[in-house]
Amino acid sequence: MKHMKFVAVLLIATFVLAACGPAAPATIKIGINAPITGDIPKVGEGTKFAAELWLEEIGGTINVGGKDYKVELVIEDNESKGESAAAVNTKLITQDEVLVIVGPQASKQAVPAGAVANDLETPMISPWSTNPATTKDRPWVFRTPFLDPFQGPVIANFVTDEFGFTKAGVLYDIASDYPKGLAEYFKQAWEELHGEGSVVAFESFTTGDTDFSAQLTKIMDAGAEFIFAPQYYNEVALIVKQAHELGFTGPIVGSDSWGSAETVNLCGEDCYGLFFSTHYAAEGATGATKEFIDKYNAKYGYVPDDVAALTWDSLNIVKTAIENCGKLTGDIKADRKCVRDAMANIKEFHGITGDMTFTEEGDPIKCAVIVRISEEGKFTFYKQVCP
Amino acid sequence: MTTETVSPPSTRQRFRAALLKAWEPYRSVPLLGWLVAILVAVGLERLVGLPLAYLLGMSKVPALLGVVVVLSDPIRIPSVLIYILLIYVVPIGLVARFTAPLFNRIAAYLMRYPLLVTALVHLLLLYADLHLWASISDYRILVARLTMIAIIVTLSLNLVNGYMGEFSCSHPGFMALGAYTASVFTLVLFVNDNRFGEAIFPPSWGPYFFPVGLVLGGVVSAIGALLVAIPSFRTRGDYLAIISLAFMFVVKSLFENMEVVGGARGVANQPDYATLPIVFVWTVLSVWIMNNFVRSTMGKALNAVRDDELAATAMTVDTRKTKMVAFLFAAFWAGVAGGLFAHVLHYINPDTFGIRKLAEVLAMVYFGGLNSVTGSIVGAVSLNLISEALRPLEIYKWIIIPIMLILIMIYRPTGLVAFTEFEIEKLFLPKGETSKGAGHGTA
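For the record, the sequence lines run as chains A and B. According to the working numbering, the first sequence is numbered sequentially starting from 1. According to the working numbering, the second sequence is numbered sequentially starting from 1.
Heads up, some of the hints might be wrong.
As the list claims (entries may be wrong) - When the alpha-carbon atoms are kept at most 30 angstroms apart in a straight line, the in silico DSSO-like pairs for lysine-lysine are as follows:
| hint | chain 1 | residue 1 | chain 2 | residue 2 |
| --- | --- | --- | --- | --- |
| 1 | A | Lys-48 | B | Lys-21 |
| 2 | A | Lys-337 | B | Lys-60 |
| 3 | B | Lys-397 | A | Lys-299 |
| 4 | B | Lys-426 | A | Lys-29 |
| 5 | A | Lys-319 | B | Lys-60 |
| 6 | B | Lys-60 | A | Lys-333 |
Stated by the list, open to error - Heads up, incomplete: computed chain A residues facing chain B, CB under 7 angstroms, no partners named:
| hint | residue |
| --- | --- |
| 7 | Thr-37 |
| 8 | Gly-82 |
| 9 | Glu-83 |
| 10 | Thr-94 |
| 11 | Pro-112 |
| 12 | Ala-115 |
| 13 | Ser-176 |
| 14 | Asp-177 |
| 15 | Lys-180 |
| 16 | Pro-251 |
| 17 | Lys-383 |
| 18 | Pro-387 |
Treat the hints as calculated values from the structure; they're not laboratory data. Computed from a predicted structure; not experimentally measured. Built from N, CA and C at the ideal position, the CB exists for glycine as well.
Only chain A is shown next, with the shape it has when bound in the complex (with noise of 0.2 angstroms):
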């Protein structure tokens, strides 16, 4: 009965102490949903090493109302699945208690994120989801990339500006939600500029296809001059040197998803003196934006894609928003709401993929970049396009 005893002393003074516990000590914390396992753990990466980086540039800390706060990330791993985003996204809310989440990046996890994010009221930032759904009727969720109802029509721009063409062949993958949007949307700004049936070819694949051929075919056929392929690096890679040798002549023009490295990697010469519209153009830059690419180049040992770029724009907005804030209370509700509102409210932020204001429903309005894949096999900068 003594050992009894003891641990009876032992818990009610235990219980005693707990009751007068320290205060949380002054931290700004900052939770980072991202992909690091599944299917597209590259995005995940460039999104930690961004991350990363951007925590050494600001040296640690960041100064509210003339004090200054320690930042730290919480880097967690949503498996790049939805449900699993939604659970990181709870934790970070309710247990890491942030103030602000940046992620997820593809829409299907950032969707159902956002959704916990909303209910839960934290401030989230998503630096790669296209899907409208991700922040409609969401005040608490924002993004950093434009949309595509806004790609698809400076698509459609560029070409008609800059060849002349009538006649657009669209190859698209049905089964993913980002080609599949684009597809369509850059369909509907092309027939309003050369008139209905001047998409002469609509053809589309399914995730994973390798073989383009009865597709193409199709395209050529049908007398397109050009091809849109919105697709992913792995296959635009398949899709050019496919169409090159079906002896297509035309040229081949993407979206942003091209802007990975390894789209010239797996190309190689077959994409040289290609358009794509994206984000922002490595090769060329000037100004914050070299600074950025060398600094991640000189770190990391390669030169970092859209995902590392717009989550180092949502990164330096959520920093903006925090400073316009002016106050942190402690009480992290307040201070969640806080940042909300400023965030909602910035102007003219000068990211290094563009100015941007965000609109109502949280999305930017920014412009869009055309590159031109060099003769090098580089990103360069081709020119502007501004709503």
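With the hints as your guide, set chain B onto chain A.
Here is chain B on its own, set in the frame of chain A:
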């Protein structure tokens, strides 16, 4: 573990003996006693968990027994251990031990009432435990809901892969059918949505009709299952696996090409109908019904078909009907689980119900144990919690979990708790000496 041991076997034996001796008094603790003890522990956590966590240098109550905290910050191991000891181990141990006689008497008393009453008392206590534990943070609530949905899916797949002995791969497809049906049902009828337009009925009716949506989802899944079953039950073994796998891809492509439900972009904005109590009720219901099913004549016939179809036919079992019913029944529950899943996440897209979901569910079935209701629960809960807790390890998580599966397959090829019967009545019995006097009703 042990370092300075002269003769390891004897130490181990002594350790084992000590462990058994320490466990001895707990043998007589009835389920009721455990549930109340857990209730005390989670109640305690609610009252003093947060201050204690602060005192031990943690900013929050450790959500999943502190594994997450430990993995991201190993220095915290002692404080997490102290926390678990003080909040869970010691209170549960003390309460369970010293109230055992009392709860044995109460359990004996309860035995005089119909099984339903006893079961309800236990379930209420179980829910109280879960509610108190989970409501400390939204994270726990979400993990608990997803885990319970995983239990339904795992158990329903176990009906086919374990009890019926076939290898079916179409469960994500059934889930998708249920999820889309239930989502469309609630979105069309009760939600002002820009895809499906104005709500037909007042949105406040939604939660009451949610069960209808779920059942409808289940029925649509069962119809889908009929489509697989008709051609594929003419074959056995590998062929069913291939046909069912094909069915899963068919369903995925179907939704990818259906513009009405958003195509690859998916359906969002499902209202929050699948709350913790609702998911709990459905999980209990599914476990109860599926358990009754496998213990019924039909369930025994199913086992007979698995072990030897010819012999079963000779013993007048209608093998075709038996297999059909079991397969449709399993699909029904997968559909219900899909509907719940959609309303927990508020978003579904075809990609969610792909090969990765299949791998997950199969892993839970084979990890937990074939032909066993307990096994399915163990598999779903442990794999879900492990996967959630190991998240900070990032890529290493995908080395640890597969290694675990491989080890299980080597040492227990049929899973952790395979080929057992889940006898609900026995669970509630009082234990130890007092159980002998159960009939007298000494309360």
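Hints not upheld, ascending by number: 1, 4, 16, 17 and 18
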